[in-house]
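K.L.:
Sequence:
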Amino acid sequence: MPAPADGFIGLAADQNETVEALRRYAEFWKIPNKPVNKIPSKDVDTIFCSGRPEQAFDGKKVVISPSGAEDAARIAQNYGLTVTTGIRMISLPVSPEAQVSIQTQTYDFQGSQIESVIASKGHAVLSRIRGRDTYLLSIDLVGAYNQLMSGLDDEPHPRFRFVTKLRGSYNLIPRFVRNRAFRDPAGLEKLREETIAPMECLRLIFLASIVKASGRAVPFVGFWRRGKDYALAVTHDVETREGLENGCMRLYDVEQKLHVRSTWNVPSNRYPLSNDILSKLAVAGELGAHDTRHDGRLVLASFDAKVKRVGECRTTLEQLSGKEVRGFRSPLLQHSQELVEALGKAGYTHDSSIPSWEILSPTSLGPHGIGTVFPFIASGIVEVPVSLPQDHQLLRVVGLQASESIELLHKFSHWISSLGGACVLLVHPDYDFGLPENQDEYRKLLEVFTQDPKCGTMTLAEIARWWSYRDRVSWNLENGRMQVNMADGHLGPVADEIQVRLATDYDDRTGLRTEPIS
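Heads up: the sequence shown is residues 675 to 1192, going by the working numbering.
One or more hints might be untrue.
Simulated restraints on C-beta separations [as the list claims (entries may be wrong)]: (1) 1189 x 954: 37 to 47 Å; (2) 975 x 935: 43 to 53 Å; (3) 1084 x 715: 45 to 55 Å; (4) 754 x 1085: 39 to 49 Å.
No lab work stands behind these hints, which were simulated from the structure alone. Ideal Cβ placement from N, Cα and C applies to all residues, glycine included.
Starting from the given sequences, assemble the full structure and let the hints guide the process.
P.N.:
Next comes the structure, spelled out in structure tokens:
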């Protein structure tokens, strides 16, 4: 096994925003990193550059990711190569059992003086300049990252804006009419790994490139508590009084028997709320805020109006249940950067309003998503994406039966679990799974997770707390031993549950090789 890297990964770019994007890649894996200017310090062995570096970085191993077409042409000229561009599907294994993919712009460098190090279907993803410790990526990692993160905003379609301006609410339109308008049976074909989690392909390329270029084992922090390979959060958006008083109790009964604690997202002013039911749900799991009226207008409101609405919702639910509410789920999975900032100002700590990918966004009237199955932090808020297709999309948009939906959800959850991601399940008590005849189907859906000892079942708040804790973790090698630290100097009660692993190698046929070291 290669010796573990004991220094920092240098991050180089000509703009601070670009360095920050590279830092987010490194921080996802929790790889120690520092920005590099002209002369890197002695504790930096490998440098990751976005764009052609202005200096040689002599004596260092360098990975260069082109920053657009013009930069790729300059890189090719600098090393006596040619370059061609195009849109290509990149697929790489994470392990022998799972792969990740992204369809993106590529810059294909060619010449006798380069050799392929990592390839996807014969296409070089990472190449090495012969006789040098210089490596070239065929993908603009920063540009691709920024494009995916633009999914934080789901621009409302003009037709959606028109409907929300009508007197009353979109809810006045009969449900069967809304379901028929959104029906898209062919949408199921678009549910693929390159639409659900392209970010995971980019993150893998970042780590694999550093492992191959450095020639050293690279330590990284595991995603979940020691002994758990992936996470599950069961969540419910309770849209109607019928759903609260009847559907919730049927789902609740199944979950109690399986010892599942879930998150119940409730609108505060749409229908009469029962203190007893809210308290019961809050004790069994937790309550999340689901706006005030669920009228589709939240994303169109001014910033101050957003803060007021989400704040009123949280206050009302806390008063009725007697429990703290710090999580939010927007109606219709509406989301925007401004809404995230409004949640922070209103006292929330986490949000779960952004889908990894959904077949049809009711707001933009097209497919949409953030492209990751892992939590991330935006404007101080922990975002926990809805990573699995929600029941409404499968039952109403695609038109599947409950049993068919379960089969599909199990298929995608198996893939997400193989990546170590968070399986975030959204089941409405107002739809098919909340009916008496489907309680057994709901039990079958959950049992796959409850019977897996590698699954860590958590509420959304618990996932957010863990991810916030992990975000503050750092590590260093001291006298050959791994030492875990916290940014604020306090390890906390779950310090022993942090696990550091070694990425020892990457093979484009079998994936990343890792082993635990703490």
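K.L.:
Now look at each hint and say whether the structure bears it out.
P.N.:
Evaluation of the provided hints:
1. 1189 x 954: 37 to 47 Å: 45 Å, holds
2. 975 x 935: 43 to 53 Å: 32 Å, violated
3. 1084 x 715: 45 to 55 Å: 49 Å, holds
4. 754 x 1085: 39 to 49 Å: 47 Å Cβ-Cβ, so the 39 to 49 Å window holds.
Checked against the numbered hints listed earlier, the structure breaks hint 2 alone; every other hint is satisfied.
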